[in-house]
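Put together the whole structure using the sequences plus the hints.
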Amino acid sequence: DAGVIQSPRHEVTEMGQEVTLRCKPISGHDYLFWYRQTMMRGLELLIYFNNNVPIDDSGMPEDRFSAKMPNASFSTLKIQPSEPRDSAVYFCASSLIAGGSYEQYFGPGTRLTVT
Amino acid sequence: RKEVEQDPGPFNVPEGATVAFNCTYSNSASQSFFWYRQDCRKEPKLLMSVYSSGNEDGRFTAQLNRASQYISLLIRDSKLSDSATYLCVVALYGQNFVFGPGTRLSVLP
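Listed in order, the protein sequences are those of chains A and B.
Per my numbering, the first sequence runs over residues 139 to 253.
Per my numbering, the second sequence runs over residues 137 to 245.
Quick caveat, the hints were computed from the structure, so don't treat them as lab data.
Mixed in with the good hints, there may be bad ones.
[What the hints assert, rightly or not] Pairs of lysine to aspartate or glutamate, DMTMM-like flavour, derived with a Cα cap of 25 angstroms: (1) B:LYS178 <-> A:ASP201; (2) B:LYS181 <-> B:GLU139; (3) B:LYS181 <-> A:GLU221; (4) A:LYS216 <-> A:ASP201; (5) A:LYS162 <-> B:ASP175; (6) B:LYS181 <-> A:GLU152; (7) B:LYS178 <-> B:GLU139; (8) B:LYS138 <-> A:GLU149; (9) B:LYS181 <-> A:ASP201; (10) B:LYS138 <-> B:GLU151; (11) B:LYS138 <-> A:GLU200; (12) B:LYS181 <-> A:ASP194; (13) A:LYS206 <-> A:GLU221; (14) B:LYS138 <-> A:GLU182; (15) B:LYS138 <-> A:ASP195; (16) B:LYS178 <-> A:ASP168; (17) B:LYS181 <-> A:GLU182; (18) B:LYS138 <-> A:GLU241; (19) B:LYS181 <-> A:GLU156; (20) B:LYS215 <-> B:ASP175; (21) B:LYS138 <-> A:ASP168; (22) A:LYS206 <-> A:GLU182; (23) B:LYS181 <-> A:GLU200.
Okay, structure coming up:
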């Protein structure tokens, strides 16, 4: 299995630009998560989906952030317009609730720098 | 008070040492507990789940004390490859994970 795939791995953009991060979860998984990690705030859950439906977006920092999951194998996290304080590593994770296992499998992350 | 708090690091220990990490959580209704490991500039990976009765996986032992809202991780006979950041994770319900800030461990030769 290829694991969770994220693209791009690195993104450098200027303030005010739109940024789109992409994620392909592990095939067959029914949950997908977007996290953000910074030195100051640690790892924070932004939003998660179950069967492509957003379940909890209370972690999304503000209206500049949006996430979609048009099908079971693809999700995007969009920031528009981007700001320097959005610089962070963004992780996507997926899981399958089966047999009581709650393990979340993380992708390698996208390192975003907004200048 | 933060939802999940951990020992501040870093912990620098010699190979073969035993090291213990502590974690406290604020919501007594929390249902699930885990330890994740994160290597430098890598993604977090599940180390072990934490069960009420305590559980062991090789050199690693996890304990949960619901009354004190406290979780621990014990690493015996530490190896150089154990050097990483250890993240305590608490879920109030389902998949809504709250990660602690992490404790960094360096095992020295």
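### Task
Would you list, in rising numerical order, the hints stated earlier that this structure does not obey?
1, 3, 6, 8, 9, 10, 19, 21 and 23
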